[in-house]
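Build the complex from these two chains, which are given one at a time in their own frames, with help from the hints.
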Amino acid sequence: MAKVVFPDSFTAATGGVREIATHAENYRALTVELVARWPDLSELLERSAVAIDGQIYQDAFLEPLDADAEVFFMARIEGG
Amino acid sequence: MAEAVDYKQIGTRPIRPDGVDKVTGRARFGADLILPNMIHGKVLRSPHAHARIKSIDLSGALAIDGVFAAVSGADFPAIDGGGEVGGEGGGSVGDVAKNIMARDKVLYHGHAVAAVAASSPALAEQALDAIKVEYEALPPVLDVVAAMAEDSPLVDENNYTNLPEKPEQPSNVANIGKLARGNLEEGFAAADLIIEREYKIPMAHQGYIEPHACVANIDETGRGSVWCCTQGHFEFRGMTAKILGKEMSDLKFIASEIGGGFGGKTVVYLEPLAVLLSEKAGRPVKMAMSREEVFRATGPTSGTVARIKLGVDNSGKITAADAWIAFEAGAFAGAPHMPGIMTIFAPYDMEHFAVQGFDVLVNKPKVAAYRAPGAPQAMHAMECALDEAAIQLGMDPIDIRMLNAADEGTQAPYGPKFPVIGFKACLEAAKNHPNYQKPVPEGAGRGVAAGFWFNIGMQSSAEININEDGTVMVIEGSPDIGGSRASMCLMAAETLGVNYDDVRAQVGDTESTGFCNVTGGSRTTFATGLAVVQACEDVIAECKKRAAMTWGVDEDQVVWEDGQVLPAPGVNADVTPMSLADVAAGAAKTGGPIQGRASVNAQGAGPGFSVNFTDMKVDPDTGKVDVLSFTAIQDAGTAIHPSYVEGQMQGGASQGLGWALNEEYIFDENGVMENAGFLDYRIPVASDLPMIDTEIIEVPNPSHPYGVRGVGETPIVAPLAATSNAVSRAVGKRIADLPLSPPNVLAALDA
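Those protein sequence lines, which keep their order, are chains A and B. Counting from 1, position 46 in the first sequence corresponds to residue 46 in the numbering used here; the numbering is continuous, with no gaps. Counting from 1, position 219 in the second sequence corresponds to residue 219 in the numbering used here; the numbering is continuous, with no gaps.
This is chain B alone, in the form it adopts within the complex (with noise of 0.2 Å):
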């Protein structure tokens, strides 16, 4: 277990070593690759929500020149499962072929129909509008709620509950989960106080910054190259290959810099179209989505209708909760319905509960994973009904938090006992916090909510090779999006004992470096890390056998120490203690240059938990919310770079709130989103927030040699209730309902 120690170089908060190629435009993109010879692809995208394919006729698209490639769902392998994808949510192979071009039918607004590669872009879109496709249309199922009715239209109609006895009939409902412990009558007959309430959240986008792009260069046997924006190249590289029939070596997938994620770069869009139309034209071919394609047809969250029945006694305990929540999938199931309940009661102790989830097929574009899937929109109904009941109370909802807060050893709601967490810690840090101690503002209100993540582990490869100069190349396969090159080097620096700026981190290809899985579930410091330490103490081990070597000593008899080779306590050797850079320079004539490899399936990533706490003011005019202050307060296990570890919690605060305040889908009764553009899919900006404060609790993870928990998702989870729960105080009503837009809350003031 990594002990409270005085590390060297983890905790330091070095620049980045991406840092000067973000900020000077050097860094290059998804869409930056530029080859010789190279043309540009298009997507035809379906004009209605729901309708069969009558016939697709590319020969006007192929019949202009300089168009030299058409593909259609006719060009692509059938595919009945093909496993399931990573992320959360992800689906089955043969639903992602599926989703990225139609087949029999368009299942929502802007599904792919077909694809063009031509010489420019606006030739490209020219061939688009060639393409004749006959739909017969067909209705569109749009509410949640009303898809799960037995008389709904179908979105598939082959779709059949996932139950142990298939059903007679299809349905729109695609899996339940459910999870139970006690007895609920007993526990609510033992309450003195009952909230019962329906809390609803739209669809939203995950917003990276940066559309989903690639460049395809294939050959004429098949066999070529990717470069695209992914949060996992290698999975990338599987899933493509899978969609078009090919071996995996048949392709090298190179991760580009990648401008957000949030999950929503776990599942291919682009990639398979591009090898397709390249490999049909000959030619390199690049693909970049438009920000409208971005919204329509890649993977936003659910939106969720969740209802809840809490009971607590007069001391604010706890006795039984009962929750329903019904998650939108899109038009293909995988929905995040099991991490939401598994997720909406775990930072309590709770002897008497009960919720459903469930997994609904709906017509608009297949959710994707996003920052802790599942978890906000089901914690949110959680947080809320538990700051009602502290209200009705009179209790702090800190207090009341932790008067039920799950501990070490409680049983979590989703079976295990928890090992060491840090909850309680982030409760009492918030409860003492300066920005809780402060009065809450005139006129506003101040909400609390608790966040929690599981963490992942999963598999992970890294080598390391040391220069002939002693200095340190770290290569690992996981894309970079949060600053994990700079904490790979930590850790590598701090096992080597080298400085940081000895040691270079770069993310390798597909066929540079062995399999690593998405940077995704809050996973890559700690299981890429665990791989990199590892890596490094075998490049130790290696160090050893050379100095033992050099001294003619017994390998037994040297030690490891603060960077250097050493005689082993009580050896008498005569000789010069060997640095890193001492046993590279003499490496050529004691075996060749000195590597490490590692790889891993780590296990025992450790849960996180979060409090957030903010004041915020409502203007009863416009229905305007104001945050004045954002607290946020994480166990994030030892912290590798504590910059980029708030930096998480500040961007994770951000998404919340921007979802809380504004963000949703809205569509039209034919399904077409009708904002799909970040003028009116408003998403914060600099001026909307106030600097959102930060406080770092660093419980130690047992499970991994520098204590790493896990960061980037727990963040996004409390600001959605304690958003509903700062305004609500403000206005002394209770609005259920996110976002918390301007036109919402004036009309749940009117109403």
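The following block holds chain A by itself, in its conformation from the complex (with noise of 0.2 Å):
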């Protein structure tokens, strides 16, 4: 199962979890799973980036989570 892991900003609307295991396939089925389970989480996964395997996606979408992925969610960078 690839491992989910939420910053410190998530945990009020995850009830202090910090960490899941997921059967999601792809972005789009593990933010449908987090908002069905948080729903207060909705307006945080679309202001923040994820990291999947080390590749920081700032708009994630449809990409692919193997069964061993590591999914951290991390503030956006923009940049000057």
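Errors might be hidden in some of the hints.
[To be verified] Short, incomplete list of chain B residues facing chain A, as computed with Cβ under 10 Å: (1) 338; (2) 371; (3) 703; (4) 713.
These are calculated hints, taken from the structure and not from any lab test. For clarity, every value in this text was computed on a predicted model and none was experimentally measured. Ideal placement from N, C-alpha and C gives every residue a C-beta, glycine not left out.
Take a look at the structure:
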């Protein structure tokens, strides 16, 4: 199962949960699963970037998640 | 993945396409456009750092003959939120709208309160004098730490710290970010040495040479065009349309040449004012800021207070680190506190750490992005603490970094594991560099520091048109700040197998090419370059189709090699290979002009690391610091045009040195900036600096066809700490605060 890690800013919405495992096969399925479980995450997900196996996506959508994938949500970076 | 290959074009150093125009003065910048019947706009700015606006009377200005329009906050539609603007810490569109024209309060000295358009700049200035504004002065909030206190006066009575549960009381703290891993208590218990210190860095400006300028020409239907200097004309169009309640299709934005931006031109200041004034006046309106306005009213970067506690064992291994950083946001939320806390420990493999960052409102100009926003200030604290640890342990400062260095697979402090990175390669290159092998000059100190930036991708578009003679036209939408047109031409030439001189690049306006995010975040060569490469691949596919049609074979029976179409191996066709020019020459008969296009939302920009070292000497009588040498080493991924990579490294080093040695906003007790000009706000000049030596490390980014990582931001990160470390070693005493200007150094020596 893929490992999903939440930043500190997500924990209020997740009731303190910082990490879950998921069978979701792609990013969209993961976000559907997360919002179904924690509706308050919806807005945070829109404002966040995500790293999947070390690759940072500012706007992930259908990126596949391997069974042993590591997913980290993080603040969006834009730079100057 | 891009392997180390023998490119024909990439890695060469041709002269940039805009070079001759720039050095001969032909290039046209923001203020260079002149239109028939054009008039001139000026802005009335607040004399208070914090005040309530009781009334604004524009009638005196409008009564002057030759004044065509005057506006204040009441002329703009109300916006609530409106989405985020581009660039780090840009904030919401609603806040940008209030920043470019105050509504019920002025929030910093220089905040715009009204604007006029008149037949001459002098008459516009006279009209400003005729505007009557009544203020109720309020106490200014100027100190970032004091601003965080519960009993501080409030910059914004409606600001509540963005927490999961809304606090009961408003506060000047807009946002808080936290990262943590492991167990600090356990980590510090394992330390043999603990370094604990506070570092202060004042607000500083991006210091671009060209002040903000634009010309708006709006017709009676409310539609028209805007010519402006910008890092992103598409995003300027979007912001301006939202602020004025227009459709994006009402406005065409054209990017002029740009005399520097460094993040400060990712957000609008003048453009919505010029559009509104032009619409009211029925004439084109030019607006250009003075240098004083640039300092007082456009985005500096945050001043910071950083506290760090660092634990290391006797071998130099980091056992724990705990940091606290307060960032000045200026008058509206949006300090780069998140990138600050995400970068502070990024170069190191650490088991136990915690860091908190605060986005704090103060009555100073709203900060804007500045190269690697937040990273120089945050990493200054860590890199200085690490240097102190190295001194106390008797270790070489590169060795202590190498001992703790992150590598491929290291879990970054902000979460994911690093892909392939070049930090250790930079450290090795620094240790082996001839400048590092030399002894430290007598009386000098040698400072070392590391730098890091994420780099980003985001959205870009590009079109390729093949001219009838086979030459190539690239059209893309990223304003060229650092030579990107040359890089686009090189990547197009490499992909198409033609010479660099056969390719021209044009930055299209918002009606001539697809959307591009701002030129920022070190993204243009990576993301727009990716779009250019894909558009070229589109051209190649079309050429193969046309050749197959010409030869009467199937498309899968032709291949593209070295800039020409050939029959595939094993295909028995008695034909002559067709070059791009050959295909273009026959295009009329095979389907018309040859074009390619691509739009991308590029992901997978590769992280960039750097190592800087510098030798500096301090005059004990005057406190003046002399930079004897400075060496910048950086992993750029593949350097598409090495000269422009080196230029970015040298430019970032120069800006970082200026910030470290002299640059600071100096405010009086009323929040008035006292040094709003280049005579008193001292950026480095050529005679202040030695030649910045550079070494490019090329660890290709596997997510780009040619291995590009992104270059522009990382170079400014390390110079601050490298300077602090060099000066502190030179004087034998840690000086924690910047800038290390002569009076500050003397005061520290005397303390």
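Hint-by-hint comparison with the structure:
no. : hint : verdict
1   : 338  : holds (4 Å)
2   : 371  : holds (5 Å)
3   : 703  : holds (7 Å)
4   : 713  : holds (6 Å)
Checked against the numbered hints listed earlier, the structure breaks none of them; every hint is satisfied.
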